[in-house]
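Given the structure of chain A, go ahead and fit chain B onto it with the hints provided.
There are 2 protein chains.
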Amino acid sequence: MTKHQRTVFYLSDRTGITAETLGHSLLTQFDGIQWEIISVPFLDDIEKAKVVSVQINQVADREGNRPLVFSTLLNPEVLEVIKQSNCRIFDFFETFICPIEEELHQPFARMAGRSHGLQHHLSYFKRIAAINYVLAHDDGVSPKQFAEADIILVGISRSGKTPTCLYLGLQYGIAAANYPLTPDDMHTKALPPVLVNVKNKLFGLTLNVAQLHSIRSERRPNSQYASLVQCEKEIRWQESLFHECNIPYLDTTHISIEEISAIILTRRGLRRQLYG
Amino acid sequence: MTKHQRTVFYLSDRTGITAETLGHSLLTQFDGIQWEIISVPFLDDIEKAKVVSVQINQVADREGNRPLVFSTLLNPEVLEVIKQSNCRIFDFFETFICPIEEELHQPFARMAGRSHGLQHHLSYFKRIAAINYVLAHDDGVSPKQFAEADIILVGISRSGKTPTCLYLGLQYGIAAANYPLTPDDMHTKALPPVLVNVKNKLFGLTLNVAQLHSIRSERRPNSQYASLVQCEKEIRWQESLFHECNIPYLDTTHISIEEISAIILTRRGLRRQLYG
Chain A
1 MTKHQRTVFY
11 LSDRTGITAE
21 TLGHSLLTQF
31 DGIQWEIISV
41 PFLDDIEKAK
51 VVSVQINQVA
61 DREGNRPLVF
71 STLLNPEVLE
81 VIKQSNCRIF
91 DFFETFICPI
101 EEELHQPFAR
111 MAGRSHGLQH
121 HLSYFKRIAA
131 INYVLAHDDG
141 VSPKQFAEAD
151 IILVGISRSG
161 KTPTCLYLGL
171 QYGIAAANYP
181 LTPDDMHTKA
191 LPPVLVNVKN
201 KLFGLTLNVA
211 QLHSIRSERR
221 PNSQYASLVQ
231 CEKEIRWQES
241 LFHECNIPYL
251 DTTHISIEEI
261 SAIILTRRGL
271 RRQLYG
Chain B
1001 MTKHQRTVFY
1011 LSDRTGITAE
1021 TLGHSLLTQF
1031 DGIQWEIISV
1041 PFLDDIEKAK
1051 VVSVQINQVA
1061 DREGNRPLVF
1071 STLLNPEVLE
1081 VIKQSNCRIF
1091 DFFETFICPI
1101 EEELHQPFAR
1111 MAGRSHGLQH
1121 HLSYFKRIAA
1131 INYVLAHDDG
1141 VSPKQFAEAD
1151 IILVGISRSG
1161 KTPTCLYLGL
1171 QYGIAAANYP
1181 LTPDDMHTKA
1191 LPPVLVNVKN
1201 KLFGLTLNVA
1211 QLHSIRSERR
1221 PNSQYASLVQ
1231 CEKEIRWQES
1241 LFHECNIPYL
1251 DTTHISIEEI
1261 SAIILTRRGL
1271 RRQLYG
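Residue numbers (my numbering), protein chains in the order written: chain A, 1 to 276; chain B, 1001 to 1276.
Just chain A, same shape as in the assembly:
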């Protein structure tokens, strides 16, 4: 079946992150459509809105379908210009703000850029400190400072430790270290000594053999390191280590970095602090 194409606009006064995140989660619920995406961040005056309006009308004419427009526009005049175009508009603020005002008995501030703005200097420092911690403790570096970690991810090479640590630091301000399990450790079913005293902070990452093989083959094609035999051996060993030592772990084969991070926070009871 060939997919048919529809165009979607993300319009925002500021970064567009909210409009994109929300629109994306709705559109992924519809199969068989090839989405052409046009993001217009920083749409903050009427002249720019008129240009976008013309663009919307051109797309509608060309495709024979009006575009979908997801908006977090706060300026009512800008929004009005867009509404005059040939589109189906979904405005996140207009939809929800009124009932929230009613519930809270107070008007909203109508200030753009609040959700991704730099409002809390303190939380900015905490976030930067977390990122620095992650960078300074990647791949088993400086294990003496592991006591300061909020969490320490463990797993074999290419199990996804580094991207997950970075996401935890950037998105949630979590001081996440990671430590690689290597074939050198495989002679035993005991934890590497450096991890023994921080056992309660450990969380394991594993994945299936085919996926590990595929990821390692990207890095070093046809190597022993990437071979199915080696991948299977390392995975079987690390999973039995996790069992033996009672370390919680997660199979990441079919999930994204966002999901891995959210699951880890939930399972370890770590407080989520949203910056993004």
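Please keep in mind that the hints were generated in silico from the structure rather than gathered at the bench. As the structure is a prediction and not an experimental result, all values here were calculated from the model. Some clues are possibly wrong.
Covered, in the sense of this in silico footprint (three residues per stretch, anywhere, with C-beta under 8 Å from a C-beta of chain B), are these stretches of chain A [to be verified]: (1) 3-16; (2) 29-43; (3) 100-110; (4) 177-190; (5) 234-241.
Cβ coordinates follow ideal geometry from the N, Cα and C atoms, glycine included.
The following block gives chain B in isolation, referenced to the frame of chain A:
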């Protein structure tokens, strides 16, 4: 004025990222309220929903105000249990899915975890490659490979290059390198030689003197490096270098990493690819 407290629940079948993004962007529009936030990700069966329902009712009794609930729940039975509680519910899918179905003339898939799931193996590899690129080219490392960068951020120490590069890699799959401008470069108003051939990829980050002083003081209190005089000298020099060499740049003093990243992508015309 003391803030009064209200409680908000973020309920989701999966990670909760969409529900949190939605709620956060709306609630930051209301001043004078201290929000107590309770995130419940992976709320995927009726038994769990009953526990949350009890919790909602307890909060409502205790605070004398019903909690606000932002939901991206897809399971109608789970949602129904929550609706029976003493809360004001804002359900994201229920609100928007019907009009989109109508517009597209097709039903939605009702599949949890699509928006942050691992749907595209190819884009997973691209994302990991971007993160690896960022890590391998932080702080001026391996400038010989700058030709492969999508963008190269330049600026003095603590101008925010590293967190911005990481965010560009993680969130947008952008191969972002960065190169520090140091006091050693300050004898001239010419670009460091290694940057001359990649001038069209450069983007400068600057900030105001007080903020740089405050950030550097966190790192090395009372040092010459953190002194107001030194901060001012370096900022003045780098801004005149950006002018002289016609390098686009941004004052990041009052904006977040998310905003810096979105502005850079827009101003350099880089294609945004959303993963989060």
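Checked hints:
{"no.": "1", "hint": "3-16", "verdict": "holds (count 4)"}
{"no.": "2", "hint": "29-43", "verdict": "holds (count 8)"}
{"no.": "3", "hint": "100-110", "verdict": "holds (count 7)"}
{"no.": "4", "hint": "177-190", "verdict": "violated (count 0)"}
{"no.": "5", "hint": "234-241", "verdict": "violated (count 0)"}
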